[in-house]
Amino acid sequence: MDISKEKNCLICGVPTSCLHYDVFSCRGCKQFFRRSYLLAKQYKCKFKNDCNLRKGAKCKACRYKKCIAVGMNPEAIVSNETTAIQTISTQDDFHMIPELLLPTLSKNVNTYDLVVNSSNLGTHEMRPIYFSPYDDDNDKKLTHKKMIKHQKDGKYWPIVDLVLCIEMAKTLPIFQELDVNDKAGLLKNVAYITVLLTEAFYSYLELQSTLWNPDGSIAIQTKLRFGIPETLVEKAFTRLLDPFYRINLTPEEYVLIKMLLFCYYPSTSNLSSKAMEKLRKEYNRVSKLLLKHMQIQYGTEEGAKKYTEAIGLIGSLFHFMERHKEIYVYSTMVKQEWGRLKGKTKTLRWHALMEEIFG
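Taking full-length UniProt numbering, the leading residue of the sequence shown gets 1, the next gets one more, and so forth.
Treat the hints as calculated values from the structure; they're not laboratory data.
Since the structure is predicted, the reported quantities are computational estimates derived from the model, not experimental observations.
Glycine included, each C-beta is placed from N, C-alpha and C at the ideal position.
Any given hint could turn out to be false.
Stated by the list, open to error - The calculated label-pair distances, taken between Cβ atoms and stated as ranges, are:
id	residue 1	residue 2	range
1	K46	G13	20 to 30 Å
2	D22	E167	36 to 46 Å
3	P173	G56	51 to 61 Å
4	T300	D22	14 to 24 Å
To be verified - Below, a list of computed lysine to aspartate or glutamate pairs in the DMTMM-like style, where the Cα atoms sit at most 25 Å apart:
id	residue 1	residue 2
5	K278	E206
6	K41	E302
7	K278	E302
Hey, can you work out the whole structure from these sequences and the hints?
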């Protein structure tokens, strides 16, 4: 095949100049094939298994069959992405963050504790927040035994990211203007939303189709192993990224949206009226700054359009957080049933931060 002459996706026929998994294909078909393979999707054609994708047919079964027929290589997914964990250096510095956050990551710590107690994060030289500890050029590979150890000792990333987001909030001037109870109440409302924003944005920057952790692990695979319904997991970890690709956020816009989240409070919050007024004013100030920035970058009309989409992203994040809450409830039931089958008399608990936010 003379790839220099290929101008269309071999699956659906749309114009493209990209090669994905050894085949000329568009980004949509690339993500569809990757997601279908990683999630072991089973599709069934409603017709005769010969739907014409080039004429707009939406049959997933025929689309996946076409991906295989034209030569999309599942091993390319595995070698380039899924086994990224296996390329982690045996120097293994996975425990750096837990060491820095102790006693922050105590099982029973809650948002109030994190607000009133200072951490020792500032005494260490920190790596970039989403530094990946594996080295593609390192020939040392983890054996299966070491991989099991890594999975056992690896971080629970939502907790690490929660603590980091809370520590970031404590540096903001508006946060310093609130009393301690309002600080804790605000963080209970928005901390996990900022975690979702952070994880989704950096996964989007890496062109992933589902949430990835900084060590290369894939959160969705862990949830599927626990038997959580596939449709719920896909909504929470895969569809979450769709608006990020649609809006095409820049790092500057991401930072401003995170600032807006730190000023957000629902109508049902128990914050004081004084705190809500301060947060409202700060939200308005930052939102005007975001609008002005976008209009400078994209023009008055296009900037206003993108601003509307960015504000809509906040609503989407709250929608997807509800899906994560559902996963929390389901996982809690699974943990309790597992404990019962194992004859555990002590109640199995999540980290107190997760119980406080989702409970």
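For each hint given before, does the structure comply? Return the numbers of the non-compliant ones in rising order. 4, 5, 6 and 7
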